[in-house]
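Participant: What follows is the residue order along each chain.
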Amino acid sequence: MKVKDQFRFIIQNMKKNKVRVFMTVLATAMGCAFLIVLASVAFGLHDTVLKDTMESGEVTQIQVHGYEESETSYRAINDEDIKLFEDLEGVNAVTRQKSILQEVTFSTEGYEVPAPAVSAHFPSEEKSGLELAEGRLPEAPNEVVVGHHFASSLIPEGQSAEELYDEQGLVKEEFRYDENIIGEPFNLKLKKIADGKESSGDFDVTIVGVMEAPAREWEWDQNVYLTDHLLTELEDFTGTPNAELYDPSEMEVTETSETSYDNVTVYAANVEAVKAVSDKLKEEKYATYSVVNEMKQLNMLFNVAKAGLIFIGTIAILIASIGIYNTMTMAVTERAPDIGIMKAIGASPKVIKRIFLLESSYIGLIGAAIGIAAAYAISVAVNLALPMILEAVFDEKLPSGLRFSSIPFSLILIAVIICLTVTILSGLRPAKRATEIDVLKAMRREI
Amino acid sequence: MINVNQITHHFVLGKKGNKTIVPVLKNISFQVNQGEIVTIVGRSGSGKSTLLNLISGFIHPTEGEIIIQDKKVSEFNETEFADFRLQHMGFIFQNFQLIPSMTAFQNIELPLILKGMSENARRKTTADMLKKVGLEDFGEHYPSELSGGQQQRVSIARALVLEPPLILADEPTGSLDSETEQDLLQFIRELNRDLGVTFLIITHDDEVARIGDRTIALADGKIVESGVFA
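Each protein sequence line maps, in turn, to chains R and V.
Count along the first sequence from 1, add 26, and you get the number used in the numbering used here.
Count along the second sequence from 1, add 19, and you get the number used in the numbering used here.
No lab work stands behind these hints: they were computed from the structure.
Here the structure is a predicted model, which means the values were calculated and not measured.
The C-beta atom is built at its ideal place from N, Cα and C for all residues, glycine as well.
Be careful, since some hints might not be right.
Listed below are several chain R residues computed to face chain V (Cβ distance under 7 Å; list not exhaustive) [as the list claims (entries may be wrong)]:
| # | residue |
| --- | --- |
| 1 | 27 |
| 2 | 76 |
| 3 | 78 |
| 4 | 334 |
| 5 | 367 |
| 6 | 372 |
| 7 | 373 |
| 8 | 465 |
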């Protein structure tokens with residue numbers, strides 16, 4: 027018997043009991059939709075986290091915090107280490123920054139701001155893919171690049187803090203610096219202590235570039251990025267490494283502190299190379315951190331959550347399978363005389379079994395198809411409505427790009443496989459019963 | 020064509036601990052030749068239907084062997100016998116055994132579907148068969164919309180549609196009036212004469228028994244007489 031004919035046969039049989047078949051399909055569809063919607067929450071949140079991480083551009087970064095000299099002590103990264111990192115296979119760039127260890131004030135035309143100052147190695151920053159929102163990278167020693175929020179942090183000199191800031195802690199519109207800061211000369215004021223006396227020095231700098239806004243909305247960047255050359259000038263002025271504010275005549279300066287970096291980031295050539303580079307650095311006893319490594323744990327956590335939710339969803343399908351079992355058992359009982367006749371004229375038990383298994387699979391497939399459509403509709407509705415509801419209830423804006431529910435093809439595939447397996451299994455016993463029907467009893471209508 | 024050797028059969032009634040063995044057939048042996056019409060007669064309870072069911076493969080003999088077309092069918096499993104029935108046997112039942120939810124056309128088409136014939140070929144074959152049994156205008160009728168005679172014709176058409184060499188008939192005229200019975204007997208004779216189809220017919224009707232080239236009489240599970248029905 028051809029599959030096409032078997033299929034036609036089951037459609038004909040199903041039409042005999044439309045209501046019962048419809049209710050069974052409905053139960054299966056509900057179970058399938060429940061499974062997909064439930065698991066889609068884990069998929070949605072996982073996607074959001076992954077997207078957020080990918081967009082932050084941090085996936086190829088490996089932060090190196092120090093070299094493990096012993097189990098309890100670490101030393102800072104120095105130029106020798108940087109050379110070693112740059113020579114590693116799969117490394118695109120190694121950026122290194124030193125922070126100026128005192129508060130630096132920048133001022134221009136009646137505006138000022140105390141801002142963290144950091145020296146950066148701009149050639150490696152450029153190689154790492156650093157992009158500016160406007161302007162260019164420094165070319166002369168006294169040129170600087172400022173963080174995206176530097177200009178909006180500038181405040182008029184002599185104003186009290188109460189008048190300057192709004193409820194959110196931002197400088198009020200009327201007090202903001204509204205000139206273009208590119209090419210603007212600024213004064214960098216730095217303090218030093220010499221022979222027990224504190225004094226200050228002024229350095230002329232020019233802003234030549236503004237950084238891109240940080241990837242995360244909540245991040246605030248008002249740093250000033252200096253050249254190595256300018257940092258050396260500042261260190262010469264204070265007589266201390268990183269221009270730290272203390273009396274150099276009272277402290278012994280070690281060689282290590284002079285050449286060490288505060289913030290060293292190794293950029294892998296691509297995401298695939300991150301693991302190899304990270305492993306190599308660990309092998310060389312460097313303390314590292316990379317988002318990719320953290321993402322592995324995160325992925326594991328989300329995968330466990332997905333598996334758990336799929337398992338719970340499967341219980342719903344299992345409940346629906348009771349309906350399928352019942353429907354198929356009833357169908358076998360009702361059609362026993364027909365089965366008897368078919369067997370009498372030459373239908374083999376295999377054919378009879380296949381017909382009933384095909385019928386339960388068909389119910390499962392239709393149920394899965396309806397369930398998938400319903401799950402998509404629910405998913406879209408949830409993604410549209412839930413943020414609005416949460417924002418209304420909690421009066422807080424949710425992070426942009428947040429997706430509560432996501433239905434990838436893999437989830438659809440998993441749901442269909444589970445649905446089909448469960449429905450086939452629930453149809454197995456009735457199908458076997460159909461093959462065991464006694465021809466003579468069936469034809470005498472004794473079943 | 021059919022070789023029945025030393026067939027003994029009994030039914031076991033009751034459950035464990037309280038079983039009753041009811042002997043039905045005792046040492047039955049006979050042969051049916053190709054192209055022959057053999058009728059089996061006997062009173063109710065003589066074992067004639069059981070004998071037909073054994074030959075059909077619906078039940079297995081307790082002892083003895085049945086050989087049909089050189090195949091020891093008494094050793095076949097259910098699947099093997101189902102395939103054998105489809106290829107080599109046609110059945111005519113007393114109460115027609117048509118599937119009520121199928122039209123006359125679909126009932127006749129069923130063996131062709133089971134055999135895996137293509138749709139076009141089986142549509143043509145079924146239409147030809149409907150014409151042959153004089154029901155070309157009743158193809159779309161359900162069994163409940165047909166008379167007893169018409170239903171039996173559908174049943175015969177279904178039995179013949181695969182052109183099996185052997186037709187087993189169990190009281191084929193049992194549900195028919197005398198006029199329809201005569202038509203059916205005439206039809207059986209024609210099939211036997213024109214197509215060489217072998218018939219093994221179970222009956223308690225003398226009229227039917229007479230069409231047999233040979234008649235076997237059963238009584239109490241034994242063959243008591245064999246020869247031309249007089």
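Participant: Regarding the hint that residue 367/R lies at the interface with chain V, is the smallest CB-CB distance below 7 Å?
Facilitator: With a minimum Cβ separation of about 5 Å from chain V (threshold 7 Å), the hint on residue 367/R holds.
Participant: Less than 7 Å between beta-carbons is the criterion; does residue 373/R satisfy it with respect to chain V?
Facilitator: At about 5 Å, which falls below the 7 Å cut-off, the nearest Cβ of chain V leaves the hint on residue 373/R intact, so it holds.
Participant: Regarding the hint that residue 76/R lies at the interface with chain V, is the smallest CB-CB distance below 7 Å?
Facilitator: Since chain V brings no Cβ nearer than about 52 Å to residue 76/R, farther than 7 Å, the hint is violated.
Participant: Hey, does the residue 78/R contact hint survive, CB to chain V under 7 Å?
Facilitator: 57 Å, violated
Participant: Any CB of chain V closer than 7 Å to the CB of residue 465/R?
Facilitator: 5 Å, holds
Participant: Are residue 27/R and chain V close enough, Cβ to Cβ, to be under 7 Å, as the hint says?
Facilitator: Holds, about 5 Å.
Participant: Return the status of the interface hint for residue 372/R: holds when the least beta-carbon distance to chain V is below 7 Å, violated otherwise.
Facilitator: For residue 372/R, the interface hint holds, since the closest Cβ of chain V sits about 3 Å away, which is under 7 Å.
Participant: Under 7 Å is the threshold here; is the Cβ of residue 334/R close enough to any Cβ of chain V for the hint to stand?
Facilitator: Cβ of residue 334/R sits 44 Å from chain V, so the hint is violated.
Checked against the numbered hints given earlier, this structure breaks hints 2, 3 and 4; the rest are met.
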